[in-house]
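Colleague: Each chain, written out:
Protein chains: 4
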Amino acid sequence: MIVVLTPHPSTSDVRYVERRVRELGYKPHTIRGAVRTIVAAVGDETKRQTLEVLATLPMVEKVIPIQKRYRLVSREVEPQTYRVRVGSVVMGGPAFHVIAGPCSVESERQILSTARAVRAAGATLLRGGAFKPRTSPYDFQGLGGAGLRILRRVKEETGLPIVSEAVNEKDLDSLIEVADVIQIGARNAMNYSLLEAAARTGRPVILKRGMAQTIEEWLLSAEYLAKNGNHQVILCERGIRTFERATRNTLDLSAVVLAKLESNLPVIVDPSHAAGRHDLVAALSNAAVAAGADGLMIEVHEHPEQAASDGSQQLTHEAFRRLMQGLQPFLRAAGRTKPPAPRRVLHRGKTRR
Amino acid sequence: MIVVLTPHPSTSDVRYVERRVRELGYKPHTIRGAVRTIVAAVGDETKRQTLEVLATLPMVEKVIPIQKRYRLVSREVEPQTYRVRVGSVVMGGPAFHVIAGPCSVESERQILSTARAVRAAGATLLRGGAFKPRTSPYDFQGLGGAGLRILRRVKEETGLPIVSEAVNEKDLDSLIEVADVIQIGARNAMNYSLLEAAARTGRPVILKRGMAQTIEEWLLSAEYLAKNGNHQVILCERGIRTFERATRNTLDLSAVVLAKLESNLPVIVDPSHAAGRHDLVAALSNAAVAAGADGLMIEVHEHPEQAASDGSQQLTHEAFRRLMQGLQPFLRAAGRTKPPAPRRVLHRGKTRR
Amino acid sequence: MIVVLTPHPSTSDVRYVERRVRELGYKPHTIRGAVRTIVAAVGDETKRQTLEVLATLPMVEKVIPIQKRYRLVSREVEPQTYRVRVGSVVMGGPAFHVIAGPCSVESERQILSTARAVRAAGATLLRGGAFKPRTSPYDFQGLGGAGLRILRRVKEETGLPIVSEAVNEKDLDSLIEVADVIQIGARNAMNYSLLEAAARTGRPVILKRGMAQTIEEWLLSAEYLAKNGNHQVILCERGIRTFERATRNTLDLSAVVLAKLESNLPVIVDPSHAAGRHDLVAALSNAAVAAGADGLMIEVHEHPEQAASDGSQQLTHEAFRRLMQGLQPFLRAAGRTKPPAPRRVLHRGKTRR
Amino acid sequence: MIVVLTPHPSTSDVRYVERRVRELGYKPHTIRGAVRTIVAAVGDETKRQTLEVLATLPMVEKVIPIQKRYRLVSREVEPQTYRVRVGSVVMGGPAFHVIAGPCSVESERQILSTARAVRAAGATLLRGGAFKPRTSPYDFQGLGGAGLRILRRVKEETGLPIVSEAVNEKDLDSLIEVADVIQIGARNAMNYSLLEAAARTGRPVILKRGMAQTIEEWLLSAEYLAKNGNHQVILCERGIRTFERATRNTLDLSAVVLAKLESNLPVIVDPSHAAGRHDLVAALSNAAVAAGADGLMIEVHEHPEQAASDGSQQLTHEAFRRLMQGLQPFLRAAGRTKPPAPRRVLHRGKTRR
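Each protein sequence line maps, in turn, to chains F, V, X and Z.
Numbers in the numbering used here are just positions in the first sequence, counted from 1, shifted up by 24.
Numbers in the numbering used here are just positions in the second sequence, counted from 1, shifted up by 24.
Numbers in the numbering used here are just positions in the third sequence, counted from 1, shifted up by 24.
Numbers in the numbering used here are just positions in the fourth sequence, counted from 1, shifted up by 24.
No wet-lab data here; the hints were simulated from the structure.
One should not assume that every hint holds.
Since copy identity is lost for identical chains, a pair holds within one copy or between any two.
What the hints assert, rightly or not - For lysine to any residue, the following SDA-like pairs were computed, each having C-alpha atoms within a straight-line distance of at most 25 Å:
hint, residue 1, residue 2
1, Lys362, Thr159
2, Lys284, Arg173
3, Lys362, Gly49
4, Lys86, His255
5, Lys86, Asp303
6, Lys284, Ala145
7, Lys251, Asp68
8, Lys194, Ile88
9, Lys51, Arg133
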């Protein structure tokens, strides 16, 4: 860390700061410049307390961290991209995976119909929310346990691994009886208790970026998962909140490029929540592929105008089929391979095609 | 809601939209304009499904909600400001309350010393975190149960009611054995499971605004509490995340004015987290009083430069004393009364001075 | 426009609003709902004064505009994409154009070297700033007239049309003696005087999006150009300012998709200013192609670490060559054709290859 | 500046960076840490080229500036607050000044009526726009020269010094024949050509903060004025653009506190543009006083619901009178004095009461 002193510090001021730096476990190096004096503090910042408390001293103007605060998910520490295995599906390798399905589980008929349609179009995982975090308490909150039972039957029927969102710790046990991947939504991206509990299940986790989360904070949320023993983490960029309201959020594809540079985790993109409107989803999906994403998560509904939630951003089956077709030339340009269709799983461990 | 159609819709397009509006339980009124045709949908939007799903129809350009989505916390519905009672303290009335204390509970000596100092300076509630949601898993996470036990002893000693943060549902029971007010932090402002569980405790709740939460969404989070039977809610503005990084967050005092206009809840301000630096806290506290806030929450530490967390924004005892002194003329200007010092509570229900 | 009244308005309140709506030239249609009463005002909003002033009335809660405020640049009004012709170069057609060159003109040697390198790599226009708007008055402000003379010689030598930024009206005359395209930078995106003056030159304009400009406001800035007789406008997305500071700005590719849906103007992307760091530029360029952009503007410098401005985001000649190579498969996937190399222009009107 | 190297740099990498630092005129000090190696570059950053170009080197991870980039407007360099004299009015001293008047000049009758009303209520300067920068080219653009002539007559009649906005360089000469203070609006806050031209007039300048301008960039815009010989600068906070749209902008009172700490310029607040709605203006004015602002700029219109621009945020004469009354206790609390009513100026130099 760099401790920047206020202009023209006295010698005793400098000595005091140096002593405090030493007490906190770092080695101080003082450099007196033309205008500013700084004390560079040498030591591993992830293993010691931060020096930011020194900013409170009258002779200190600011404290600037130098080092990155994440370790386990950092490509610097472990350069190889982690591969996340979900049943027969491997994310983070050359194959590009599309997760598709409705925002909410509404009925078995609905899920089965959409699951078949997205499987036929090339999706390899099925998404569907049984527990829905909704901004208004008067909005549809999901079918809960009944939703999970529907997902289980549809999974048995179609062989598609299931991605479903966790909204609290107490439902995790029942969730992972069905979900192959636990989704942590944007609203819970900094709910560290939930992250720790999700990590302890050992189940792969899709970690959405919080709507006001910096890339560093997002990777630190991933670090919470890794530090609690679960490196089966897929990052998901879903747009950040900005002044622009023509789209629901602002898709930040630079964050995808950066997250892949900085971390060793697979990164996917959710263009549906980013745009909040169906007519931008296909073009943004193409852009995500070109930016280097490892997969997509797309909302699809048989009749979006009747959906119980987020109707305006869901694609019809036909629009999704066209999106998948349109994606192919970009996948080839990006050197991505097509994943095999998921095998149907009869019992845990046994599979058939 | 207003359904805006794409230009020059056919008659059958208009009929189709009107039918869908009717099916969703609203009464359609179509108005053909020079440029745009709109279908105004009449019906209570908090009791029916939103029409936003219609935005997915090809002949619909957008759907504009008219009505506010919160009801119980709306001043329109209930014009009287709710008073929140915490022991002998009443928030939301003419008295202005200052909650003060360290970011984290570190030791009994520390808390007791700060509790006495802030009580002497005029604070009427004590804050202190036993469970700390920290951005990095390598940062100090709070003393947990040991922290709660310290808070209990200091509360018995000083009579100050305790404000402490909940970070998950499972610790709520032990938290409310000590905390008189449950704080929901900015990171959990949209953790609806936690809000519902906190509501069910019946304990007053301080609801911080999420760092990217609109005022409407903040009031909807409060509505979650009220709808689950707990109207003992205090809103707390603590700064939002913007492009400006000279301050940790951007304190939004307009939100205080608006929240007081729109809702019937007391509103307080946390200038410490907003600024993220101690040298702005006093001036922002004065501004909060003048904007009409009902109270303040301020971080105070005996030795901020040794604090285990958030040192750079904590005030020394002496700085807090000066802040409280400086606040008095503004409190008089705002017509605020000085609350009595809290009585010491011997047993639940019994008190002595 | 929709005028939303406060709850339970009296009949005379409603009559008063209707009268005011009529006086402002609109036809009122009142709809009394369960909760809200609205007055829909029918009339062309681009030809009359806005009704937003009515929001000041005590019985009015808010006024919601329905209609888009741009007309000439709207695809609704004129569905065909405008083609912008710059010498032998046509933007907005099937060919994809890359504008490349240094941030600032520093010397003839520098510009000539970079111009040759980017031409060889496939760029079809040369960028270079003679007038530089810099955040600090102590930073390099550009070579001014001397810079323009350098650009003219390099243009004669290489045949590359020149893109250069205007920072005020008084230099426009000398600028257009050399520049084939006038660039309006992000800082001047809402400098309407400069827009009008630039429009009157008749020269094509690249209009960068302001760093806090909504898409609607950006199109309205373009409308200023079109309304002043110049429809030779190319929109350029260059990132918006958000809370994320790991990148200089946040590239908003949704804005590219939306601007192409909403307007009839070509849209290009400047990934260099968006990212502010060279290591993201290639991936973001690929993403821009996939999102449907019509071109790119990329900063290239022979020795970025010696650049007089914006060094950290400029690519070396070699990095640019690799970027152009990497772009080809994505251009094919997007169905884009390769433009012919620009012909050298001997005199105005005469050309040779 | 601090140059942070990538992990484990070779000795020759370090030597190369040190050489480049020296070539750019700084003295390098290398510190090898446990994790990171840094090269601290000693030298005055406002007198040399920035080292940020070094970020482009492969062995450099980032470059962190330490020093502030403004000098003349910095309180560090000149601790005394500048007093800005406008006729008989002095801003930046103990007296608190309120600038009031309509958004746009519409007619002599309108301006005269409002000027008398605001003077009677205690305002000491009159605002009114003759040149209006409007987001849409179809909106009212101001009366131009005719507006200036009206302002001149009203100034002679009432003695109120005039604040009016400049939107380009070519109208500056006619503007300063009438305006005692040149206002630079938020849209032109980074239009450095206009800033330089405004500085050269020698007339006091009110510099509004750009809607996405950091505090540092705002002070650098002020530095442009000071560096061009004009230190008669008043900073004006008017809200920044954030995700929150319930208010037109987000008033950033922390920026007022910080600008007064960091710079030696008077700082005023424009709550009208910040809020964009009249019902928040009074409370935000009180808050601005308490935060330490030196004045206010408030939009007032005889009949806001008939205003040619920005009607929804303008106060009626009566509402302004009440605001001024309500402000008094807060001005007393802040230790502010009441300025004398401006004297009527007969000719330049001669005055009468």
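Colleague: Look at each hint and say if it fits the structure.
Modeller: Structure-based check of each hint:
In this assembly of identical chains, the alpha carbons of lysine 362 and threonine 159 never lie at most 25 Å apart, being 37 Å within a copy and 37 Å across copies at closest. Taking the closest pair of Cα atoms, lysine 284 and arginine 173 never come within 25 Å of each other, the shortest separation being 36 Å inside a single copy and 43 Å across copies. Taking the closest pair of Cα atoms, lysine 362 and glycine 49 never come within 25 Å of each other, the shortest separation being 51 Å inside a single copy and 45 Å across copies. Neither within a single protomer nor between protomers do lysine 86 and histidine 255 lie at most 25 Å apart by alpha-carbon distance, with minima of 35 Å and 28 Å respectively.
Taking the shortest alpha-carbon separations for lysine 86 and aspartate 303, only the inter-copy value of 12 Å comes in at or below 25 Å, while the best intra-copy value is 46 Å. In this assembly of identical chains, the alpha carbons of lysine 284 and alanine 145 never lie at most 25 Å apart, being 27 Å within a copy and 27 Å across copies at closest. In this assembly of identical chains, lysine 251 and aspartate 68 lie within 25 Å of each other by CA distance solely inside one copy; the values are 17 Å within and 43 Å between copies. With identical chains, the CA atoms of lysine 194 and isoleucine 88 are never at most 25 Å apart, being 40 Å at best within one copy and 37 Å at best between copies.
Taking the shortest alpha-carbon separations for lysine 51 and arginine 133, neither the intra-copy value of 65 Å nor the inter-copy value of 29 Å comes in at or below 25 Å.
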